[in-house]
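Peer 1: Letter by letter, the chains look like this.
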Amino acid sequence: MPTPSQHNDVQYQTGIRPLYFFLLVGGVLLFFLLNIGLGSVNIPLADIVHILAGGETEHSAWRKILINIRIPRAVTAILAGSALSVGGLLMQTLFRNPLAGPSVLGITAGASLGVAVVMLAGGTITSIFAIQQLSAAGSWLIILAASLGSAAVLLLILLISIRIRDNVTLLIIGLMVGNITIAMVSIWQYFSSPEQIQDYLIWTFGSLGGVPLDQLWIVAIVAVMGGGMALLMSKPLNGLLLGDNYARSMGLSVASARIWIIVSTSLLAGGITAFCGPIGFVGIAVPHLTRSLLGTNDHRVLIPGTLLMGALLLLACDIVAQMPGSTATLPISAVTSLVGSPVVIWVIIQRKNLQASF
Amino acid sequence: MSQFQSIISTEDLEIGFPARGRRRKSKTVASDINVSLHRGQVVCLLGPNGSGKSTLIRTLSGLHAPLSGGIKLSGSSMNHLSNKQASREVSTVLTDRLTIGNLSVHELVSFGRSPYTGWFGSLDQKDKQKVAWAIESTGSGPLIDRDVLHLSDGERQKVMIARALAQDTPAILLDEPTAHLDLPNRVAIIRLLRRLAHNTQKAVLFSTHELDLALKAADALWLINREGKIITGTPEDLVLDGTFESVFERNSFEFDRTTGSFRLHEPSKEPIYLQGNPVGVFWTRRALERSGYEVRESNGTELQVEVRALEQHFEWSITYQDKEHNSDTVQGLLSILQKL
Chain A
1 MPTPSQHNDV QYQTGIRPLY FFLLVGGVLL FFLLNIGLGS VNIPLADIVH
51 ILAGGETEHS AWRKILINIR IPRAVTAILA GSALSVGGLL MQTLFRNPLA
101 GPSVLGITAG ASLGVAVVML AGGTITSIFA IQQLSAAGSW LIILAASLGS
151 AAVLLLILLI SIRIRDNVTL LIIGLMVGNI TIAMVSIWQY FSSPEQIQDY
201 LIWTFGSLGG VPLDQLWIVA IVAVMGGGMA LLMSKPLNGL LLGDNYARSM
251 GLSVASARIW IIVSTSLLAG GITAFCGPIG FVGIAVPHLT RSLLGTNDHR
301 VLIPGTLLMG ALLLLACDIV AQMPGSTATL PISAVTSLVG SPVVIWVIIQ
351 RKNLQASF
Chain B
359 MSQFQSIIST EDLEIGFPAR GRRRKSKTVA SDINVSLHRG QVVCLLGPNG
409 SGKSTLIRTL SGLHAPLSGG IKLSGSSMNH LSNKQASREV STVLTDRLTI
459 GNLSVHELVS FGRSPYTGWF GSLDQKDKQK VAWAIESTGS GPLIDRDVLH
509 LSDGERQKVM IARALAQDTP AILLDEPTAH LDLPNRVAII RLLRRLAHNT
559 QKAVLFSTHE LDLALKAADA LWLINREGKI ITGTPEDLVL DGTFESVFER
609 NSFEFDRTTG SFRLHEPSKE PIYLQGNPVG VFWTRRALER SGYEVRESNG
659 TELQVEVRAL EQHFEWSITY QDKEHNSDTV QGLLSILQKL
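If you're matching them up, the sequences are chains A and B in order. Going by this note's numbering, the first sequence opens with residue 1, and the numbers climb by one from there. Going by this note's numbering, the second sequence opens with residue 359, and the numbers climb by one from there.
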């Protein structure tokens, strides 16, 4: 029997992963600059760098556009992309289901319901925009409601998933739960005034531009909290990859890990949905793209990778949504669906069936 | 007697499923279990289908709560151990299928260090040594960069054993480690387990359906009988005192003590007295029993067959009603018998 001391030299190579991380960070920076540079008003890159560095410019409008509109929007894209993607990753690991994601399993629908309930309960409060204008307290209220809505749906799905191990069945149940919450929102809409419905509908299109500069930090706190929690959960998440039994036999506390994963996912998906509306397919597609790029399921690597990839992808989607050169703007969730759905189809085709792995 | 130090011992353990939902009463699978697992010992857990082999392994691993009774791990009661402490005493290889890809064998085996690593799961020098040793001892070295999704069943089982080894526990419990494996892989896995037990003084308990393999590989057997009781002993003792036979007894399915295997065929034809070269007798007996003859080892039958080993081949002479027929193949022997 070989003694352990003989194997000091055996080192496992992590390969070209550091290079990929370098590329991802570079990509996020590049797309951030592109995102704030491109738009209905063309601002040269040199001027952007100049303004960002704190310099003066002869076009004071450019500065206003950048500081008040484009930068908050791009920062929101980074936060939302990262948060939704990590939320999706957590769900895929929690359910061991390659097709889990905030929008697929009805988590964003749950968040919508939470938001709708707050709007309804407010009575005189007419819309999400009105609540946001109430100040930070109003924003926290909406985030809390959306996160609780997400958590409620997530818990329900989790309870069902303990009984039903079949992936496809679980997805269908997730869709149904999503439908139920959407139906509840519809009933609420039916009894609402046209103005309320209009505001709500605009919210459901999803928008990265809806977060005012002075409330951006709230979204940031929620995203960082959720993301930080996810990173701290890396070890139990890795254990869960092998299944609950193996995780427990390796000394991990599965029950508490589940709770923290749900809290983290609810914050990430709920918080972002509260401010940006339901943005579909980022959460399901980005973890797959990241896994393929980095070639690992180790969450200590995968979570940072997913954060960066999510930021990158949503910045890119937002550039497309802005339709540079025109004054029109597409709803962001339409663009993410156009990009994300093919990824989901690719995942299904690659796996050949959904029972198999991710 | 440190060699026989017990790693796992049970006291009036009762295993099964608690009352829950529509099941008003708890369901006992096996009870009055008083067994102990010692260092350096390979124990094989046997029992008919549904007798609770998996439940026992899961219960001893702490994955399933016992209905009553106690389990001691290295002398301390499992109830008083945290999940993490227990995971430093017992590691498991389960039948749960892995459904993930994008994970290298090295990463998978490293997860086995979970009970020892910090909150982020980073490996220190000692952890890395243990992982390297686990990979080396199981012969998984050539696999370390492979994706676990693309391993064959035999390779995956080996890697899961490496993961359990990396967990560095005095006991390893395995639920049907040889299921779905072909014969060479089965033998390789069993050899690996035996080597590990004897070289590292670990206690190994594995369940299997393969009685033949169990009889050959185990230092001790734990037999779960139909009454849900566990009988333990050395394989040969349990065979010789008839316990083994009685546990697996079923209509038209009996254990043959002389061959150490099960009779597949019910004798329907006349008895034959078979004698001669031992190797020839062994294989001739199989052919005759398959064809429905009852083979006897004492004279006094009408049909008699003698096997002789010649230089290059075997020869069979059949005596029936004082006439002798000869054949130089088993096939020839069978066709002569048919014509008689």
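Hints are supplied without guarantee of correctness; some may be wrong.
Said to hold, decoys possible - Some, not all, of what chain B presents toward chain A, calculated at C-beta under 7 Å: (1) His422; (2) Ser435; (3) Met436; (4) Asn437; (5) Asn441; (6) Thr453; (7) Asp454; (8) Phe469; (9) Ser472; (10) Val545; (11) Ala546; (12) Arg549; (13) Glu673; (14) Ile676.
By construction, these hints were calculated from the structure, which means they are not laboratory data. Even for Gly, the Cβ is constructed at its ideal location relative to N, Cα and C.
Peer 1: Compare the structure with each hint and give your call.
Peer 2: Hints and how they fare:
1. The beta carbon of His422/B is not positioned within 7 Å of any beta carbon in chain A (closest approach about 9 Å), and the interface hint is therefore violated.
2. With 7 Å as the threshold, the beta carbon of Ser435/B stays out of range of chain A, its nearest partner Cβ sitting at about 17 Å, so the hint is violated.
3. A least Cβ separation of about 13 Å between Met436/B and chain A goes past the 7 Å threshold, and the interface hint is therefore violated.
4. Checking Asn437/B against chain A by beta carbon gives a least distance of about 16 Å; that is not within 7 Å, so the hint is violated.
5. With a cut of 7 Å, the hint placing Asn441/B at the interface with chain A holds, because the nearest CB-to-CB distance is about 5 Å.
6. With a least beta-carbon distance of about 10 Å to chain A, the hint placing Thr453/B at the interface is violated under the 7 Å criterion.
7. Proximity of Asp454/B to chain A holds as hinted, the smallest CB-CB distance being about 5 Å (cut-off 7 Å).
8. Restraint check, Phe469/B versus chain A: the minimum CB separation of about 6 Å is within 7 Å; hint holds.
9. Because the closest C-beta pair between Ser472/B and chain A is about 4 Å apart, less than 7 Å, the hint holds.
10. The interface hint given for Val545/B is violated, since its Cβ lies 20 Å from the closest Cβ of chain A, which is over the 7 Å cut-off.
11. At its closest, the beta carbon of Ala546/B sits 17 Å from a beta carbon of chain A; the interface hint therefore is violated under the 7 Å criterion.
12. Given hint, Arg549/B at the interface with chain A, is violated; its Cβ is 14 Å from that chain's nearest Cβ, farther than 7 Å.
13. The interface hint given for Glu673/B is violated, since its Cβ lies 49 Å from the closest Cβ of chain A, which is over the 7 Å cut-off.
14. A hinted interface residue such as Ile676/B counts as satisfied when its beta carbon comes closer than 7 Å to some beta carbon of chain A; here the least separation is about 54 Å, so the hint is violated.
Violated hints, listed in ascending order, are 1, 2, 3, 4, 6, 10, 11, 12, 13 and 14; each of the other numbered hints is respected by the structure.
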